[in-house]
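Letter by letter, the chains look like this.
Number of protein chains: 2
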Amino acid sequence: MNQDSASCPDRHFFGPGSSRLYIKGSLYPIEVGMRSVTLSRTYESGGQEFSSLPLYDTSGPFGEAEYEHDPLKGLAPVRDSWAFDYGAVESQGAGLSMTGRKPLRARDGQAVTQMHFARKGIVTPEMEYVAIRENQGLEEWISRSGAKPVTPEMVRDEVARGRAIIPANINHPELEPMIIGRNFRVKINANIGNSALGSSIDEEVEKAVWSCLWGADTVMDLSTGKNINQTREWILRNSPVPIGTVPLYQALEKVGGKAEELSWEVYRDTIIEQAEQGVDYFTIHSGILAATLPFAEKRRTGIVSRGGAIMARWCKAHKQENFLYTRFDEICEILRSYDVAVSLGDALRPGSIGDANDRAQFSELKTLGELTLKAWDRDVQVMIEGPGHVPLNMIRENMDLQLEYCHEAPFYTLGPLVTDIAAGYDHINSAIGGTLIASFGCSMLCYVTPKEHLGLPNRDDVREGVIAHRVAAHAADIAKGSPTAWLRDELMSRARYAFAWQDQFSLSLDPVKTSQIHAQNIAATGDSSANAKYCTMCGPDFCSMKRSQE
Amino acid sequence: MNQDSASCPDRHFFGPGSSRLYIKGSLYPIEVGMRSVTLSRTYESGGQEFSSLPLYDTSGPFGEAEYEHDPLKGLAPVRDSWAFDYGAVESQGAGLSMTGRKPLRARDGQAVTQMHFARKGIVTPEMEYVAIRENQGLEEWISRSGAKPVTPEMVRDEVARGRAIIPANINHPELEPMIIGRNFRVKINANIGNSALGSSIDEEVEKAVWSCLWGADTVMDLSTGKNINQTREWILRNSPVPIGTVPLYQALEKVGGKAEELSWEVYRDTIIEQAEQGVDYFTIHSGILAATLPFAEKRRTGIVSRGGAIMARWCKAHKQENFLYTRFDEICEILRSYDVAVSLGDALRPGSIGDANDRAQFSELKTLGELTLKAWDRDVQVMIEGPGHVPLNMIRENMDLQLEYCHEAPFYTLGPLVTDIAAGYDHINSAIGGTLIASFGCSMLCYVTPKEHLGLPNRDDVREGVIAHRVAAHAADIAKGSPTAWLRDELMSRARYAFAWQDQFSLSLDPVKTSQIHAQNIAATGDSSANAKYCTMCGPDFCSMKRSQE
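Residue numbers (this note's numbering), protein chains in the order written: chain A, 55 to 604; chain B, 55 to 604.
Do not take every clue at face value.
Any copy, or any two copies together, can satisfy a pair, since identical chains are not distinguished.
Calculated cross-link-like contacts (lysine-lysine; reagent style PhoX-like; alpha-carbon spacing at most 25 Å) [claimed, not checked]:
| # | residue 1 | residue 2 |
| --- | --- | --- |
| 1 | Lys352 | Lys587 |
| 2 | Lys312 | Lys600 |
| 3 | Lys370 | Lys567 |
| 4 | Lys127 | Lys600 |
| 5 | Lys370 | Lys78 |
| 6 | Lys280 | Lys78 |
| 7 | Lys420 | Lys312 |
| 8 | Lys587 | Lys370 |
| 9 | Lys587 | Lys428 |
| 10 | Lys202 | Lys127 |
| 11 | Lys587 | Lys127 |
| 12 | Lys600 | Lys370 |
| 13 | Lys587 | Lys600 |
Since the hints were made in silico from the structure, they are not lab data.
Every value quoted in this text rests on a predicted model; they were computed, and no experiment measured them.
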């Protein structure tokens, strides 16, 4: 670990105006982490004066100014103290390498999923946690503004209905629960993970920590290189956000990279291992069927999902149906014992706009809808992965068909990218399509970095990717009318009009970057006043806000 | 001028796969500049094999590999050789400082505008130029694909109707004509210009040249600091794209920065000076009226247009109606003598999403519609400026009302930005809203850089801003079904599937950046093969395209 990296994130990451706040639950002994922004003055919104604002915060304990982080020990387990009976026992498996803790699994193959409890009418601590978190402690103000605050019961009902998921493996006690569903704040995911060609465990843990600080709601570890198990263990033990994986990658490593040598047994053992480590959701490519492969063969860019390409090869080699499809019930039996959510992979997502919305893609989407019902039969939480490369005018159809075919299970898309020619700027490309589909009801956006199509992202690329998609997710929340999203913008604009620079930094999506840019510009002019009533963009004489006030 | 900057742009800016191509006209002795991409193999699209592809190109002679540029001499005047009789005579004004050339103006106050000729049924060289340019030399392929190529007559009819403009001052002979209108390729504008607080003439000329190379279709010089006249002269003489200004800024400098001391006479003299220098379009804030000021005073962020704030102050100080409104006919009389297009400024654009689509904004938009008819009465070409900060779900109304109120004159928007909290990432914020409004029919997007709301952009910021908005404009062209836009994406994706890296770089929006990123990643792996059938993102074993091909 570098001194300036994961082990020691900037103590003032969010700047001097921010601190970490914990709001207690009333049903359970939970403490819901948020970021509190202290404002330099009061600003009015909806008849209330705000001298501070609590913000949704993904940074976990890293957001605490005094937090001492030792990545070798991992984060303190927050869920252990909730004394909720998941109905789990210690597994017979080996202890976890970092903590020595024995993994848990459900008694007698029972379900321990949030969906299971929700359907039984039980509000879990996780449900209360996400309700408080979504409201940002602003229940009263939300009610006064004419909207409905999120309640634990509403969370429970959405989870029971399958319209939202709370990915929270019982073996990931470090997790701060969050919810993915279209009646909640739009979420984003950051992919990290080494490939065979570069990066180390340290770098990947560092990227995971920084992803949370910058605003990633979940992190997928897509490592395919060496030390795949140890990398994941480190990431999980240091992650306050849900971790997703594609277990097929590790299964493939186990058979020496030869897709045709994959087997159900190898795959099954892999998902059990990862479930016992605490992975919160698995991408599983069960929807690519032998019958649909010919549709993909006619495409401009074939199969661009790694998992899809692997399973296509296996199907062809064995002349058999995809075992992730034929064994799906058995997979669900395992997932329900740990509460691992399934993210049904879109193996046939379009890799070019010319392939968008084609028969291959939509045939698979229908299959994912069938599998959704099977998973729900076993109380397994489900989300559906979506494209990919889709022109702007063809995005709506994706959302509409997903809702129809997949029974309103949450949609989780990669972009969509709205053109094929934006290499080097694909984070922007993806943010454009992502904003639109999220405004239509997509629940989570998988980020894309500037390195997409070109290489493995470094830490700066992760930052650019995360913030670009935070812009997209927030813009979609605004378009959907989220009162808390509107409130943050309103206070930001009032701070802007008041030339309250520190308030602007604190309320922006990247406090560090905005304050640095402003400081550089002020320094360049020789004006030492950081509270100047103008910026270098227009200078004092041409500042419209200054004139407007006068 | 730095050796590595404006005076000497990289000779291989677009990489080894690109060269400059000129297509001759059939009506006039014009040569329409394009970029030709030579492909490493042939790719099929729509029944035709492509071994090269001509691309729309804004780089002018800077795109020629062998071009020797002397910024002190400026570019060669391309329009002088067309022998088209604009009906202009030499003005009695002083010669231009750089070239000594005498400025031209219309005989006896006649109109020399493209709209004037169009309405008389005349196809000008500029109209033929833009027709060829829009088709990218692909007329036959466009026809075969079932679409209609642009013809000079169609250009003429759109200009006559006021639905498109060709900003082309008769005193800007260095210009390569382009068209702004919703039945043509979506255009983008880059703002440059020093403020009182920084940057030099050199830097601004450098930014103008690089803006063209990166893909800006027009450039606005918003300088407000010292040497405002000389900066503009340098930019004009070195610019192959139309140059826009806000003459009010210079008029204000002339009266010592005191808005209340502005007068019609000072303003009139300023627009004549700038028209004689060759400015192609003026932003004029004629739509802000004394009667609408009270609506703006209730806002969260008041008036955020610099020109609007200046005129509001003048109106209040004099208790008179805005002279840019009362003198609008006289302004048009001047503009028609040089063919300066008017870009009707949205002085009351919203500066926060809470102010979007309010009475102040839409009252002004109606006034801009009235002024459009007045300008058209004098054959003056018009476009309408639009917001600003607008939530995603409120963008459509802006486009619909603009078409209705402003009689389908082209719309030219700043963004819209879809949230207020994206400081440091406002280029992405703007690209999101810009893509959507352009897909609805907005004709030109004004870029926003990462420094928006924080400071004056440097060269790197200009690049980020230009390319982000090129992504937006191109994505909108894709959504609108432009056959040439689709073709570029199709060849890109075929090159991607073929691992033809150089073709991918050449076809991407930023060939230099993409090739650099790829080279760095390949170097980091120790693999010297730039034609590896994978990239470091997934590595060789997990490359889905490689597997898909197998």
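Going down the list of hints, with the structure as the test:
1. Within a single copy, Lys352 and Lys587 get their C-alpha atoms only as close as 60 Å, which misses the 25 Å cut-off; across copies the closest is 21 Å, which meets it.
2. In this assembly of identical chains, Lys312 and Lys600 lie within 25 Å of each other by CA distance solely across copies; the values are 14 Å between and 66 Å within a copy.
3. For the identical chains of this complex, Lys370 and Lys567 are neighbours neither inside a copy (50 Å) nor across copies (39 Å), given an alpha-carbon limit of 25 Å.
4. In the homo-oligomer, the alpha carbons of Lys127 and Lys600 never lie at most 25 Å apart, since the shortest distance is 52 Å inside one protomer and 40 Å across protomers.
5. Taking the closest pair of Cα atoms, Lys370 and Lys78 never come within 25 Å of each other, the shortest separation being 55 Å inside a single copy and 53 Å across copies.
6. Taking CA atoms no more than 25 Å apart as the test, Lys280 paired with Lys78 passes in neither setting, with 42 Å inside one copy and 58 Å between copies.
7. Proximity of Lys420 to Lys312 under the C-alpha cut-off of 25 Å is found in neither arrangement, the shortest distances being 29 Å within a copy and 67 Å between copies.
8. Proximity of Lys587 and Lys370 under a CA criterion of 25 Å is satisfied inter-copy only: 22 Å between copies versus 67 Å inside one chain copy.
9. For a Cα distance limit of 25 Å, the shortest separation of Lys587 from Lys428 qualifies neither inside one copy, at 61 Å, nor across copies, at 39 Å.
10. Proximity of Lys202 and Lys127 under a CA criterion of 25 Å is satisfied in neither setting, with 41 Å inside one chain copy and 66 Å between copies.
11. With identical chains, the CA atoms of Lys587 and Lys127 are never at most 25 Å apart, being 47 Å at best within one copy and 40 Å at best between copies.
12. When the C-alpha separation of Lys600 and Lys370 is checked against a cutoff of 25 Å, the pair qualifies only between copies, where the shortest distance is 16 Å, while the shortest distance within a copy is 68 Å.
13. For the homomeric pair Lys587 and Lys600, the shortest alpha-carbon distance inside one copy (7 Å) is at most 25 Å, but the shortest distance between copies (56 Å) is not.
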